[in-house]
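We have chain X already, so just place chain S with the ligands on it with the hints.
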Amino acid sequence: MHLHRLERVWLTFGAAILVLFLATITTAAVVEGFVPPSHVQSIDPAKVRVTPPFDKPGLHRLASGSYEAYYVAAIFSFSPHELVVPLGSHVTFYVTSTDVVHGFSVPETGINTMVTPGWVTTVSYTFRKRGRFLLVCNEYCGIGHQTMADAIDVR
Amino acid sequence: MTTATVGSFAPRAYTRAHAIASENILVSAHIYTATAALVLGALFGLLQGLSRANVFAMPAWFDYYRVLTAHGVLMALVFTTFFITGLMTFSTYRAIPRVRSVTLGWWGYLVMLAGTIVTALTILSGNATVLYTFYAPLKAHPAFYIGATVLVAGTWLVAADILLNVAWFQKTNKGKRIPLPAFVSATTFIMWIIATIGVTLEMGLLIPWSLGWTPGIDVELTRTLFWYFGHPLVYFWIMGAYLIWYNVVPTTYGGKVFSDALTRLAFIMLLVLSTPVGLHHQFLDPGISAGWKWFHTILTYGVVIPSFMTAFALFASFEIAARRAGKRGLVATVRWLPWRDPVFTGSALGMILFIFGGFGGIVNSSYSMDVLVHNTMWIVGHFHITVGGPVALSFIGAAYRLVPAITGRKLFTPKLALAQTYTYFVGMLIMSMSMHVAGLLGSPRRTSDVTYFGAAGAASWHVEMVGAAIGGTILFVSILMFAVVAVGTRFRDERADERDEFVFAGTEAEAMQSPPALDKLGRWALLALALAVVAYAGPVHELLSTPHQLVPGMRTW
Ligand code: HEM
Ligand SMILES: [Cu+2]
Ligand SMILES: [Cu+2]
Chain X
29 MHLHRLERVW LTFGAAILVL FLATITTAAV VEGFVPPSHV QSIDPAKVRV TPPFDKPGLH
89 RLASGSYEAY YVAAIFSFSP HELVVPLGSH VTFYVTSTDV VHGFSVPETG INTMVTPGWV
149 TTVSYTFRKR GRFLLVCNEY CGIGHQTMAD AIDVR
Chain S
273 MTTATVGSFA PRAYTRAHAI ASENILVSAH IYTATAALVL GALFGLLQGL SRANVFAMPA
333 WFDYYRVLTA HGVLMALVFT TFFITGLMTF STYRAIPRVR SVTLGWWGYL VMLAGTIVTA
393 LTILSGNATV LYTFYAPLKA HPAFYIGATV LVAGTWLVAA DILLNVAWFQ KTNKGKRIPL
453 PAFVSATTFI MWIIATIGVT LEMGLLIPWS LGWTPGIDVE LTRTLFWYFG HPLVYFWIMG
513 AYLIWYNVVP TTYGGKVFSD ALTRLAFIML LVLSTPVGLH HQFLDPGISA GWKWFHTILT
573 YGVVIPSFMT AFALFASFEI AARRAGKRGL VATVRWLPWR DPVFTGSALG MILFIFGGFG
633 GIVNSSYSMD VLVHNTMWIV GHFHITVGGP VALSFIGAAY RLVPAITGRK LFTPKLALAQ
693 TYTYFVGMLI MSMSMHVAGL LGSPRRTSDV TYFGAAGAAS WHVEMVGAAI GGTILFVSIL
753 MFAVVAVGTR FRDERADERD EFVFAGTEAE AMQSPPALDK LGRWALLALA LAVVAYAGPV
813 HELLSTPHQL VPGMRTW
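Same order as they appear, the protein sequences are chains X and S.
Counted the way our numbering counts, the first sequence spans residues 29 to 183.
Counted the way our numbering counts, the second sequence spans residues 273 to 829.
Okay, chain X solo, but in the shape it has when bound:
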């Protein structure tokens, strides 16, 4: 097939960009561990409230000094309410839903994931800034979706 000379240059340029992208994301994956999450832990959505650790939502300190937070999302609120987190702590969130799909987003932190009934989502974050952070559901879940929010208090 006949290719115009300029077109060959341009397509080579395109291919080079493509290779560059692929190299970047692959390097990021290998070196920095930026891999998409694929949390494969499942749970019976009807029994969330009686399944440990979700029977006791809230913040739990581990022996290692880091923290785990267990959250239940249900229309149209999160529990626990007003989580208090010590400044500088590393927290791993475990979140699940009892009903429909919800979101779990703390805009100023980069915590942003979805919560699917039947599955447990995990996300980790180190709180290095003091203050009251807004936690919102950012996945449409029903008529009260705009009220589904809470706060995380970092002290």
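A portion of the hints provided could be inaccurate.
Claimed, not checked - If you anchor each label on the Cβ, the simulated ranges turn out as follows:
(1) Ser-92/X to Trp-485/S: 47 to 57 Å
(2) Pro-788/S to Thr-52/X: 30 to 40 Å
(3) Val-806/S to Arg-183/X: 49 to 59 Å
(4) Thr-154/X to Leu-816/S: 32 to 42 Å
(5) Gly-159/X to Thr-685/S: 26 to 36 Å
Keep in mind that the hints were calculated from the coordinates and are not lab data.
Cβ coordinates follow ideal geometry from the N, Cα and C atoms, glycine included.
Chain S with the ligands in isolation, oriented as in the chain X frame:
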């Protein structure tokens, strides 16, 4: 409507002229249905913009999310689909002149329309407030899923009509190349058939569940099937816009298609790369391993090649025509282009928006950035500046040529049409830029009111929402201007003349010889299907073999 074919008993000879007349009525039905969906969708879009800016709150009897569902469905599924079925039916018919029957085409249209009406009424009555993505376990009234399935079935009839016409051409014109506009239409609809298999399978799970015949639904499986369809849906829109950019726009400046072969190759690449990439929408979804998400992401980047080919072909076409007219250099070429012809400006301004959209697309498809903008207004800004801008504006621009051709009347108020394309551009730029910024600040999408009872963390979003509402108001007015021109043309008493004839661009002579292998559509279709199966068999198997619960689902509105 005359539907007789050659050879059937007819009192008077049925000629190509009769066929054209009946083709025009069919295409008009598609295009005016698309226009109606666009106008209604724009009204709903405006209400959303004003609600998010806290100008007012939607009343409980016509709540925000019902409006948002209607907006998403009318814009993303109804307007775009009817416009593309109309445009591509038209392109196939005109590129393959034939004393044809339009019966199959009419069945396609009527089935699409029936499905659309059922779906729209179910949404407007408040029984399907599940948004246009209808993620389970939000459970809509069965009529919503059934109507949507009927709409898809109608598009298959349209696809069959297009493909049968192309097959007829190949049989009766042995050794001849499929005319380019028909080729483009055929590849697009092959892609569409492969893509809609996903949503049809999903409906096969949702319909019995919504009827109460099955106790639960596999949430992740339905999402995977949705995105198997959802990503190629975007390519479907883009292929519609590309048909206009490659085959119609050059006629506005006396230009030609830069290369026949490269155009065909670009469309084949879009066909092949459209489906095996859907998982990149499911970065955050559980149950699917990182490896498969990776594989889909890598293939997603493959679209860079046909995009670059298209960009090159368009600019080359501009430049060659400008040189022929004695203009050289970038500035002279740009100034020489017909910036006062709405058919040109619709697409050209759309292309400019698309460049912005391209940058945003790079952000979305990189995992680390995606986390930042996932489900924020950034995403809404992104698809308005890609689909809402380039695609919709190119369609509107093309309509200024198409509507006179199918109604046989002169374009009503061409100056209004020209002003419409510029106001649309400005409105879209303002609205989508504000949305992008709001998204970076964390403002969630799909939310009627983002003040969160005055929470400090949400305070920075308001000004952006006001910006989006201003842009949205300009856009709404612009869409009304389009409707005035489109409907006004239909009721004009001034007949179109030869200057209003619809012609497709020819190809540059030196580029005419393209490899016949490109026209072996059956083989390309099989390749695309095989890739889709390979890309999905693994993750779906993985998902099904991870033990998990079916979810009963509920109505939360
Ligand atoms: C008058 C013009 C328009 C206005 C004012 C407008 C406004 C909006 C707003 C404010 C939202 C976001 C609502 C939210 O997330 O809470 C939205 C969503 C959306 N718009 Fe538009 N829009 C317009 C035109 C279009 C066009 C032309 C298209 C596509 C062809 C389009 C497709 C969509 C889609 C697919 C959504 C997402 C719906 C969802 O998240 O479920 N819009 N629009
Ligand atoms: Cu929620
Ligand atoms: Cu929500």
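Hints, one by one, checked against the model:
With their beta carbons about 50 Å apart, Ser-92/X and Trp-485/S fall inside the hinted range of 47 to 57 Å. Between Pro-788/S and Thr-52/X the CB atoms are about 39 Å apart, so this pair conforms to the stated range of 30 to 40 Å. Taking 49 to 59 Å as the suggested C-beta distance range, the pair Val-806/S and Arg-183/X conforms, at roughly 52 Å. The hinted window of 32 to 42 Å between Thr-154/X and Leu-816/S holds, with their beta carbons roughly 36 Å apart.
Between Gly-159/X and Thr-685/S the beta carbon distance is about 56 Å. The supplied range of 26 to 36 Å is therefore violated.
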